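Novice: Could you put together the complete structure from these sequences and hints?
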Amino acid sequence: MDNTRSVYGIDLGTTYSCIAQVDKFDQAIVLRNFEGDATTPSAVYFEDMDHVVVGKEAKGMLATEPTKTAVFIKRHIGVDDSFDKNTNEFPYHYDPTEISAFILKKLVKDANDLGDNPEPIKDVVITCPAYFGTKERMQTKQAGEIAGLNVLSIINEPTAAAISYGVKTDQKKTVLVYDLGGGTFDVTLINVNGGAIKVIATGGDHHLGGVDWDTALAEYMLAAFNEQNNTSYSFEDRLDLKYELLLLAEDKKKVLTAKQTAKATYQYEGNSARIEISRELFNSLTERKLDETIDATKKVIAIAKEKGYNNIDEILLVGGSSRMPQIKERVDKEFNCDAKLTDPDECVAKGAAIYAMNAAYSQAVRDYEEGESDDKPAPLRGDRTTVVNVTSKTYGTDVIIEGQSMVQNLIFANSSLPTKRIETFTTSIPNQRGVSVKVFESDFTNMETESIVEERFCTLIDDHTLKLSKDWPQGTQISVTYQIDQEGILHGLAYVENDKLEFDLKITGVKCEEELRKSKAIIDKASVE
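Per my numbering, the very first residue in the sequence shown carries number 1; after that it's consecutive.
Hint data in this document are derived by calculation from the structure and do not stem from the laboratory.
Be aware that one or more of the hints could be misleading.
[Claimed, not checked] The list that follows gives simulated cross-link-like pairs (lysine-lysine, DSSO-like), each with its CA atoms no further than 30 Å apart:
1) Lys438 - Lys506
2) Lys520 - Lys122
3) Lys333 - Lys305
4) Lys420 - Lys500
5) Lys24 - Lys340
6) Lys56 - Lys520
7) Lys299 - Lys263
8) Lys172 - Lys305
9) Lys259 - Lys333
10) Lys438 - Lys420
11) Lys172 - Lys259
12) Lys299 - Lys340
13) Lys506 - Lys467
14) Lys305 - Lys198
15) Lys299 - Lys328
16) Lys506 - Lys518
17) Lys173 - Lys420
18) Lys68 - Lys198
19) Lys68 - Lys24
20) Lys438 - Lys500
21) Lys376 - Lys24
22) Lys525 - Lys109
23) Lys305 - Lys328
24) Lys518 - Lys438
25) Lys289 - Lys333
26) Lys68 - Lys520
27) Lys299 - Lys420
28) Lys198 - Lys24
29) Lys289 - Lys198
30) Lys289 - Lys259
31) Lys173 - Lys333
32) Lys511 - Lys467
33) Lys299 - Lys173
34) Lys172 - Lys68
35) Lys467 - Lys307
36) Lys328 - Lys254
37) Lys68 - Lys173
[To be verified] Here are the in silico distance ranges between beta carbons for each label pair:
38) Asp313 - Val255: 43 to 49 Å
39) Glu369 - Arg433: 39 to 45 Å
40) Lys122 - Gly403: 52 to 58 Å
Source: prediction; values computed, not measured.
We put the beta carbon where it would ideally sit given N, CA and C, even for glycine.
Specialist: See below:
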């Protein structure tokens with residue numbers, strides 16, 4: 001059996017998610033869900049502790065039972081270590097990785113039930129925003145593990161989109177991927193040469209996506225409702241109204257993608273309102289959000305120019321929210337181009353599936369060559385895909401300079417992966433038996449002027465002490481190595497003469513093995529549909 005076909009790509013999105021595979025004809029295809037749709041809303045409704053509903057039905061419960069429905073959970077990855085409703089009506093406690101695991105289980109369950117796969121889905125590649133740091137990437141990977149999957153790799157969403165695009169061209173091009181999803185925005189400049197993908201620079205915003213366009217329109221609808229009915233409702237104390245209008249706003253946004261005007265009639269507590277929204281009005285309500293995407297894009301282009309990439313051959317528009325006419329109009333105007341809208345809903349999952357197949361083939365070759373397997377893998381049909389990625393964050397460690405705690409940045413954002421940096425420090429006291437290691441993450445990009453920065457501008461992601469084998473005198477040299485793998489996950493290594501002190505980061509919110517087992521048991525107990 002060709003095991004390279006038994007791997008899958010998953011686009012775990014803020015508002016919609018998708019699963020794909022490469023079929024026997026070497027075509028990346030999306031596996032539809034039970035409802036017959038290519039994408040599944042990333043919404044989770046907790047009917048009770050043992051029964052969870054994911055997808056379209058869950059999203060529909062937002063307006064009537066918002067306290068029992070979790071949405072936009074991807075925005076909580078790496079930010080909140082819990083996602084706790086804890087209402088009197090329905091007390092429960094899940095963290096973002098566990099809720100994400102429910103979404104993954106729904107995708108896999110439907111694909112298993114409806115597909116003709118010879119074996120249950122197990123091996124997957126999951127995508128994440130390009131600017132995700134180590135904590136977010138580790139939590140995304142753990143969501144897959146909690147869902148019972150073997151996560152082969154985490155790959156950046158724009159890179160996956162470029163893979164989906166890149167395998168269709170033999171030309172060498174510098175491509176900018178403008179990825180406006182439902183809840184996140186990524187912009188990445190990539191060198192594409194057939195199946196060879198080299199990321200040059202990346203940027204984005206964790207909290208900028210199509211839902212922010214929905215929110216702007218929903219707030220306008222609320223103001224119109226209050227004006228027409230002489231009421232003073234607010235979203236802060238009317239959660240059901242908030243989600244009802246958000247759902248309505250999303251629907252009218254889609255209408256305005258195809259038409260110049262949209263009409264809306266809505267009721268609440270015996271009152272009603274009727275409005276007509278023009279595309280021009282919608283564009284003016286959301287112009288600031290569009291400005292933010294353009295500013296982020298210009299920053300990435302500036303970084304690329306510092307690396308010697310002065311020309312862009314093509315701009316790809318990715319993500320369902322890129323369908324809004326204002327996006328292409330503004331991108332074309334700002335960058336003097338004819339941006340292409342390229343399979344916006346499915347290309348990320350398809351690219352991840354292509355990458356997964358290549359990763360599985362490479363592993364099979366290694367296993368055969370190293371004697372781990374007696375099965376010689378059949379030649380991979382289609383083009384090989386190789387990816388050189390970059391780190392999205394800057395990483396450093398604490399140092400004392402003139403009595404003040406500072407951060408010395410060791411690996412800067414947009415460094416090609418894998419990468420490592422070795423730095424030598426000295427023990428600060430006589431008879432030292434331990435080494436305090438603090439790891440900081442930040443968005444600094446200028447290696448010349450930002451190599452030493454104040455701690456307050458960085459995020460502490462790890463703080464622990466490495467034990468030494470004996471007492472060391474003051475001034476003993478300690479060699480610390482930071483290395484970031486192809487997935488963008490940071491690892492550490494320290495040497496004190498012959499002492500090798502390899503350390504895994506103990507990041508708050510990233511589960512240990514025992515915590516993973518407990519989370520998996522909780523998720524496995526609940527039925528998911």
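Novice: Does each hint fit the structure? Answer for all of them.
Specialist: Checked hints:
Restraint check for Lys438 and Lys506: satisfied, since their Cα atoms lie roughly 10 Å apart, inside the 30 Å limit. Between the alpha carbons of Lys520 and Lys122 the distance comes to roughly 15 Å, so the proposed pair stays at or under 30 Å and holds. A distance of roughly 20 Å separates the Cα atoms of Lys333 and Lys305; the hinted pair therefore holds under the 30 Å criterion. Only pairs whose Cα atoms come within 30 Å are accepted, and Lys420 paired with Lys500 is accepted, the gap being roughly 16 Å.
Our distance criterion of 30 Å between C-alpha atoms is met by Lys24 and Lys340, whose separation comes to about 28 Å. A distance of roughly 24 Å separates the Cα atoms of Lys56 and Lys520; the hinted pair therefore holds under the 30 Å criterion. Restraint check: the Cα-Cα separation between Lys299 and Lys263 comes to about 38 Å, which exceeds 30 Å; the hinted pair is violated. Our distance criterion of 30 Å between C-alpha atoms is met by Lys172 and Lys305, whose separation comes to about 18 Å.
Taken as a hint, the Lys259 and Lys333 pair is honoured in the structure, with Cα atoms around 21 Å apart against an allowance of 30 Å. Between Lys438 and Lys420 the alpha-carbon distance is near 17 Å, which keeps this suggested pair within the 30 Å criterion. Proposed proximity of Lys172 and Lys259 is contradicted: the alpha carbons are some 37 Å apart, above 30 Å. Between Lys299 and Lys340, the direct Cα distance comes to roughly 21 Å. Compliance with the 30 Å bound is thereby established for this hinted pair.
Of the supplied pair hints, the one linking Lys506 and Lys467 holds, its CA atoms being roughly 15 Å apart against a limit of 30 Å. Proposed proximity of Lys305 and Lys198 is supported: the alpha carbons are some 15 Å apart, at most 30 Å. For a cut-off of 30 Å, the pair hint linking Lys299 to Lys328 stands: about 19 Å separates their Cα positions. Pair hint Lys506 plus Lys518 holds up; C-alpha atoms about 18 Å apart against a cutoff of 30 Å.
This hinted pair checks out: Lys173 and Lys420 have alpha carbons roughly 28 Å apart, not beyond 30 Å. For the suggested pair Lys68 and Lys198, the alpha carbons sit about 43 Å apart, so the restraint of at most 30 Å is broken. Between Lys68 and Lys24 the alpha-carbon distance is near 41 Å, which puts this suggested pair outside the 30 Å criterion. Between the alpha carbons of Lys438 and Lys500 the distance comes to roughly 18 Å, so the proposed pair stays at or under 30 Å and holds.
Proximity of Lys376 to Lys24 is assessed by CA-CA distance (about 19 Å); at most 30 Å being required, the pair is judged to hold. For the hint pairing Lys525 with Lys109, the CA-to-CA distance comes to about 15 Å; that is within 30 Å, so the pair holds. The straight-line distance between the Cα atoms of Lys305 and Lys328 is roughly 23 Å, inside the 30 Å bound, and the hint therefore holds. Annotation: proposed proximity of Lys518 to Lys438 holds, straight-line Cα distance about 28 Å (limit 30 Å).
Using a Cα cut-off of 30 Å, the hinted pair Lys289 and Lys333 holds, with the two alpha carbons roughly 16 Å apart. Of the supplied pair hints, the one linking Lys68 and Lys520 holds, its CA atoms being roughly 21 Å apart against a limit of 30 Å. Proposed proximity of Lys299 and Lys420 is supported: the alpha carbons are some 25 Å apart, at most 30 Å. A hinted pair counts as satisfied when its Cα atoms are at most 30 Å apart, and Lys198 with Lys24 qualifies at roughly 27 Å.
Taking the CA atoms of Lys289 and Lys198, the gap is near 29 Å; set against the 30 Å cutoff, the hint holds. Between Lys289 and Lys259, the direct Cα distance comes to roughly 21 Å. Compliance with the 30 Å bound is thereby established for this hinted pair. Annotation: proposed proximity of Lys173 to Lys333 holds, straight-line Cα distance about 21 Å (limit 30 Å). For a cut-off of 30 Å, the pair hint linking Lys511 to Lys467 stands: about 22 Å separates their Cα positions.
For a cut-off of 30 Å, the pair hint linking Lys299 to Lys173 stands: about 20 Å separates their Cα positions. The straight-line distance between the Cα atoms of Lys172 and Lys68 is roughly 50 Å, outside the 30 Å bound, and the hint therefore fails. The suggested pairing of Lys467 with Lys307 is violated, with an alpha-carbon distance near 41 Å, which exceeds 30 Å. Under the criterion of a C-alpha separation no larger than 30 Å, the hint pairing Lys328 with Lys254 is consistent with the structure, at around 15 Å.
For the hint pairing Lys68 with Lys173, the CA-to-CA distance comes to about 47 Å; that exceeds 30 Å, so the pair is violated. Taken as a hint, the range 43 to 49 Å is violated for the pair Asp313 and Val255, whose Cβ atoms sit roughly 34 Å apart. Distance hint check for Glu369 and Arg433: the Cβ-Cβ separation is about 43 Å, which falls inside the suggested range of 39 to 45 Å. Our hint of 52 to 58 Å for Lys122 and Gly403 holds, since their Cβ atoms are close to 54 Å apart.
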